[in-house]
Amino acid sequence: MRINLVWKQYDVLVVGSGGAGSNAAETASEMGASVLLVAKDPLSASDTKISEGIATVRASGSEDDSEDTLSENLQLAGGDLPDAKITSAFAKDSQTAYDKVRANGLRPKISAITKNPDPLPLPMGGHTKRRSIGHKNSGVAFGHANWNSIVKDAKIDYKEDCWLVDIITENNKDDTKSFVGALIYDAQRGELLAVVCPSIVIASGGLSTIYFPKTDTMRGNTGDSYAIAARAGAELIDMEQIQFLPFCLTSPPAFEGLLGGEPVTASYLGVLRDKNKKVILDGVYLRTRAECSAAIMKAVEDGRGTKNGGAYLDMTANKRAPKSGVYFMNFLKGSLPSAYNNVRQAMSKSESQCEDLWEVRPSAHYMMGGIRVDENCCSIGGSEGLKNDGIVGLFAAGQAMGGLFGANRLGSTSLTEGAVFGQRAGKNAALRARNISGMNRLNKKLFIEKAKKVNSLIGQKGHLHASRIKLTIQRKCWENLGPIRDEERLNKTKLFVSKTRKKLKNVKISNSTKWNQGLIEYLELENMIDTAELMAFAALERNGSLGGHVRADCPNISLFSKPYSTIVRFVNNGLNVTRLPRQQTEFKKLIKFKFEEQKKFLGAKILRLMPMILKDRVLEKRYKKIMNIQKSSITVQPGSVEAAFGDRKIL
Amino acid sequence: MTKKETKDRQYLNVTIVTHSEGKDMPVNFKYKKRHDREKPMALDVLLQAQETKLPDLAFRYGCRARNCGVCTIDINGLPRIACRSVVRENDKLKAMSTLPVITDLVVRRDQISRQLRGKIYRNSGGNDLNVDASEDYHELTSCIECYACLHNCPMHEKNSSDPSESNERYEYGNPFSLLKLQTIVMDPVSSNSQKNDAITQAVNLGLDTCLNCPGCKCGIGIDLKGKVVNPLINASKKIAEK
Ligand SMILES: Cc1cc2nc3c(=O)[nH]c(=O)nc-3n(C[C@H](O)[C@H](O)[C@H](O)COP(=O)(O)OP(=O)(O)OC[C@H]3O[C@@H](n4cnc5c(N)ncnc54)[C@H](O)[C@@H]3O)c2cc1C
Ligand code: SF4
Ligand code: SF4
Ligand code: FES
Chain V
8 MRINLVWKQY DVLVVGSGGA GSNAAETASE MGASVLLVAK DPLSASDTKI
58 SEGIATVRAS GSEDDSEDTL SENLQLAGGD LPDAKITSAF AKDSQTAYDK
108 VRANGLRPKI SAITKNPDPL PLPMGGHTKR RSIGHKNSGV AFGHANWNSI
158 VKDAKIDYKE DCWLVDIITE NNKDDTKSFV GALIYDAQRG ELLAVVCPSI
208 VIASGGLSTI YFPKTDTMRG NTGDSYAIAA RAGAELIDME QIQFLPFCLT
258 SPPAFEGLLG GEPVTASYLG VLRDKNKKVI LDGVYLRTRA ECSAAIMKAV
308 EDGRGTKNGG AYLDMTANKR APKSGVYFMN FLKGSLPSAY NNVRQAMSKS
358 ESQCEDLWEV RPSAHYMMGG IRVDENCCSI GGSEGLKNDG IVGLFAAGQA
408 MGGLFGANRL GSTSLTEGAV FGQRAGKNAA LRARNISGMN RLNKKLFIEK
458 AKKVNSLIGQ KGHLHASRIK LTIQRKCWEN LGPIRDEERL NKTKLFVSKT
508 RKKLKNVKIS NSTKWNQGLI EYLELENMID TAELMAFAAL ERNGSLGGHV
558 RADCPNISLF SKPYSTIVRF VNNGLNVTRL PRQQTEFKKL IKFKFEEQKK
608 FLGAKILRLM PMILKDRVLE KRYKKIMNIQ KSSITVQPGS VEAAFGDRKI
658 L
Chain G
2 MTKKETKDRQ YLNVTIVTHS EGKDMPVNFK YKKRHDREKP MALDVLLQAQ
52 ETKLPDLAFR YGCRARNCGV CTIDINGLPR IACRSVVREN DKLKAMSTLP
102 VITDLVVRRD QISRQLRGKI YRNSGGNDLN VDASEDYHEL TSCIECYACL
152 HNCPMHEKNS SDPSESNERY EYGNPFSLLK LQTIVMDPVS SNSQKNDAIT
202 QAVNLGLDTC LNCPGCKCGI GIDLKGKVVN PLINASKKIA EK
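Just so you know, the protein sequences line up as chains V and G, in that order. Numbering-wise (this note's numbering), the first sequence opens with residue 8 and increments by one. Numbering-wise (this note's numbering), the second sequence opens with residue 2 and increments by one.
Isolated chain G (complex conformation):
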């Protein structure tokens, strides 16, 4: 092996796109492998960058184990869960493109939860809690809120991209918000009026966009089309017929 080849084996070249005051700044970073065969995750790369070249690099993470859902970034333009996504030579790590960037790889997230404020689980008291939920309910509640599903969602894209401070909540929905509403529909404890309410909320968030859409993709494999979008569309049709 030549000297250069040995050296190549020890390093991995990536681009980290930092961001400040509204401007992107790509930085080349040489990740030093901790052993020859190491296949580092994106989060390893970011942590090493922070330890060495970019001490103030801002990025979100929590559990390092694909549970907390906060570390999502774009790798080569596609949303990936950083703590469990292997990085390859020349990969580009950047903030998620679907949400407004605050600093570096940190995006603002809370306009999504605020969209559902006051719209879920109202008057849930008093119902009998001792009923079993279906497998589908549990599939939906496995969502870790990583927001990877925002990618290429035409409904979400309808939101103004104006990152102005006053924009506290998004007007149009996204697969995650629909999933939250559909959990209410699937919940055996919900009353009929709560279920109808949830379906109406989905319509208000722009459910009709889904009609002409090939469907969404979940970062951890929840069947969004089959278990969220289609059931909501069908249910909303039924309500409309009535």
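Next comes chain V alone, as it looks inside the complex:
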């Protein structure tokens, strides 16, 4: 059996129908480009649709929220790794980009006073201004708006159940590369699409599925964006920076990895304990996610982990306090409603009431690095200021792109990222298509060769199954490329990756052309392998703890050392890693922050060890104060800096 090759021609190909993809397709189409949008999932089903639905809009809470302020917030949170031009673009466009989504039916609550969308009552962690707007129905509200933007005027062609397999480039005379088209597996119709076009927007999301456990991100996050771009020669940036959330559920299986809480919801008396109930981390509510994850994983490593390979989050003292206990429960339930909902369904009553310990363990969530692009979403490469050797015609937006967040992502910024950079990518992709006067003579051979490669897989004999190898990768990446890393593990990852790649030829694939699950699993597996390899190289280059992870064999990267981003790319016969120097924040700010942090830890410990009557009184006051400010029941976004108070230490 062979899958038929079907030729298509468009101005712009958009991959992904989440926030970034929908915005790109709509914008490109408005500019007169003919657009094809493909996605492996049904239209609009994406991380965007399943998110908490909180979006950053500059100056929505106060007029003194300048572009510089927002841009600076992102810079500081990201440990000086973000690209200043990209953070500025984010700050510049957030309002117009958000309004474009609103035009498609997103309806936030409008303030009676300002007559504008009303942000949450408090700035989210790391934001110095109120500017995070929550939405009824969370991400599903964005899902509808994005769906509408594609379906509404019948100009955008779209196909779901389509897997981007590879992109095709041609070498230009001046040694640069240009994008000329892509090969796509249309599983629904059982066809291979050869899409010939001058521009592509890669908006195909993240990579959390290369790990297990992962949070409730979509299954299809198999690193396709990164692997496919890198195979075509694009550079990736900050690929070691993955965000892990520490307090995820360990059982039952249906809930494994899903979010249960965040450091801040452990509240004033929450501590982490090992299987022998010994305290392994206190002052949890002040800690970063990375610190909590590290404490849990260290215990597991020393054989002190719980049954399901985690630790106990003990919040019983909060609950036991006679007066403040009630406040605590309200705080817990109100802060992360969807996470608490997971807990209520997954745990016993006494556990969900915090009368018993929660078994928790870290879980993979979000890729902060990605395809290296400029503020217009064009792929770039090479050293700053020298000749650009990115891929001409390749654009990336959303979680697929890098350069906006660096070592840490501020809460509520990703949905805005999708809108801002989706629109920028769509615009620039359409412009390129417009400016290009007829493509070079089409080199059909390039497409046919790629198609042949895919077809050679159909009916491949073997004793292995891609779906099973995927599970092994998830486990191995967790052990060796997870929240705790050291040189030995990272080298193991490299070895494991190359071994697994060799196994690909023994993977059995059935004969069918239509929705061949084996083929789908194979293609995704290949992307997971490539992505894991790229990440392992970046992680080795990052020889210290920073942002999302802990390097157990190296000292913390001092806040005072020179910041740099890592760049990885595939070269002829291997992988190439380099560093890109970044601009540093003033020392004064950094020293002040360190000092205050230590003071807080001490304070937390003293409080915890006080006699119950005394601390109960202190806590009652405190809860009253925060709950009062939080009258309109503020929600803390999972993954935000607010949710892990200690993540602010990066300041």
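Calculated directly from the structure, the hints in this document are not laboratory data. Bear in mind that the values here come from a model prediction, so they are computed numbers and not experimental data. Just so you know, not all the hints are guaranteed correct.
The following label-pair restraints were derived from C-beta to C-beta distances [stated by the list, open to error]: (1) V:Gly389 to G:Asn205: 44 to 50 Å; (2) V:Leu438 to G:Lys93: 20 to 26 Å; (3) G:Ala241 to V:Leu438: 45 to 51 Å.
Derived coverage of chain V by chain G (criterion: at least 3 residues anywhere in the stretch with Cβ under 8 Å from a Cβ of chain G; other residues may be distant) [to be verified]: (4) 115–126; (5) 217–227; (6) 307–313.
All C-beta atoms, glycine included, are put in the ideal place defined by N, C-alpha and C.
We have chain V already, so just place chain G with the ligands on it with the hints.
Relative to chain V, chain G with the ligands alone:
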């Protein structure tokens, strides 16, 4: 406890109906419980089947948390959201009966969205966006597009069941399509002509079928009869009177 009883506690027998080239093939699958009291969801069963006996089993899922809406299957003939539906002994897991099956438990979905192509949110630019939407608007936009409501919908059943490739979009509507149209009617930003347009589209999709129908059921509890179907019928009557 006898040996057999202990063993029974460890396993759960289900039937997974696989599908290929137009043919159904039921497969018996013994789900191995991860602990004695485990009450696995349908998605757990499918994932374990893929891990063990049926490595190429095809099924849709995404979030594992009843948000993305893509994992709907039939359990004993009724549409269920697989990631949040508990499976019991002897249950039968099968592709949704209301949509054409591609492979195993995967159905084709996009003829539904295509039915509304070019028919929603036209010329939405220019209107004042800073108006509050009603609670009803938000109830409708909580729809996760799981298509459970297609079950037993006489309007949807009018569509030809011919799974031919050329059938890119359905002619007759369904509760989901009506819901999408009614959101336009409920949207404070829509102009009157947009609202009227949406109501006319509903009529064109076969709204009259709803007149003799006991009403539809939403997989996540949206009041479809009260908030979608009846308002559309009333509004269409008003337009007709004019
Ligand atoms: C539980 C949760 C809560 C969150 N809460 C918030 C929040 O409140 N605020 C916030 O700002 N951010 C939040 N985030 C993060 C945010 O949702 C995502 O980062 C963002 O939506 C990513 O958007 P995207 O368009 O880049 O990718 P996605 O929305 O993930 O879309 C990816 C698209 O690409 C398609 N695709 C993938 N691979 C391929 C391929 N090979 N071929 C074809 N198509 C492909 C997929 O089908 C999908 O359509 C949250 C994330 C999660 C998981
Ligand atoms: S209306 Fe209800 S049942 Fe129908 S698609 Fe939406 S959520 Fe599912
Ligand atoms: S009321 Fe209308 S939409 Fe609902 S099930 Fe009946 S025919 Fe279908
Ligand atoms: S997997 Fe997303 S709703 Fe079931």
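Hint check results:
Range check, Gly389 of chain V to Asn205 of chain G: Cβ separation about 56 Å, and the 44 to 50 Å hint is violated. Between Leu438 of chain V and Lys93 of chain G, the C-beta spacing of about 54 Å breaks the proposed range 20 to 26 Å. One distance hint, 45 to 51 Å for the beta-carbon pair Ala241 of chain G and Leu438 of chain V, holds here, with the actual separation near 48 Å. With 5 residues carrying a beta carbon less than 8 Å from a beta carbon of chain G, the segment 115–126 of chain V meets the three-residue requirement, and the given coverage holds.
Beta-carbon proximity to chain G at under 8 Å applies to 5 residues in the segment 217–227 of chain V; the threshold of 3 is reached and the given coverage holds. Judged by the Cβ-Cβ criterion of 8 Å, the segment 307–313 of chain V is not covered by chain G as claimed, because only 0 of its residues qualify and three are needed.
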